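Hey, can you work out the whole structure from these sequences and the hints?
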Amino acid sequence: MNYFGYDWIEHFYPALKMFLAGGNPCSIAYAAHAPWLFVLLAPLSLLPPLAGAVAMGVINAGSMALLCRRYKCLHLFPLLLLSYPFFAMVQWGQVDGLVLLGLAFPGPWGLPLLLIKPQVAGAVGALWVYRAVREKGW
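Oh and the sequence shown: position 95 is 94 in numbering that gives the first Met the number 0, straight run, nothing missing.
Zero decoy hints are in this set.
With a straight-line Cα cutoff of 20 Å, these simulated DMTMM-like cross-link-like pairs (lysine to aspartate or glutamate) come out: (1) K16 with D6; (2) K116 with D6; (3) K116 with E9.
Calculated directly from the structure, the hints in this document are not laboratory data.
Note that the coordinates shown come from a computational prediction; the quantities given were computed from them, not determined experimentally.
Structure follows, in structure tokens:
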């Protein structure tokens, strides 16, 4: 299967519906994520599946823009939007944009967002915790 929003429509959306119905969202194939992800994404489950995938793409683009703004490289934003990794993230309906949002808000606010996908940004989160312990504060 290769259509717009595949992961959102086939995995995230059904897991969110199950979460809102009081079930275990991790019982859906490939939906074993941090529990707070389902809380964050719950409002998107009120949209039709395709609209939710589009909304996730908008969230991903907004997260990229905030990250570029935070690190004062907004001039790279159009180039990043045209990159294959970003295109694939939006095409498949991934939630990696929330990890980008976590990078834009370092410290205790960004850490839960980084831990949504620890295989992507867990090392950054570990570095933040190490620095916080070493410097005795965020």
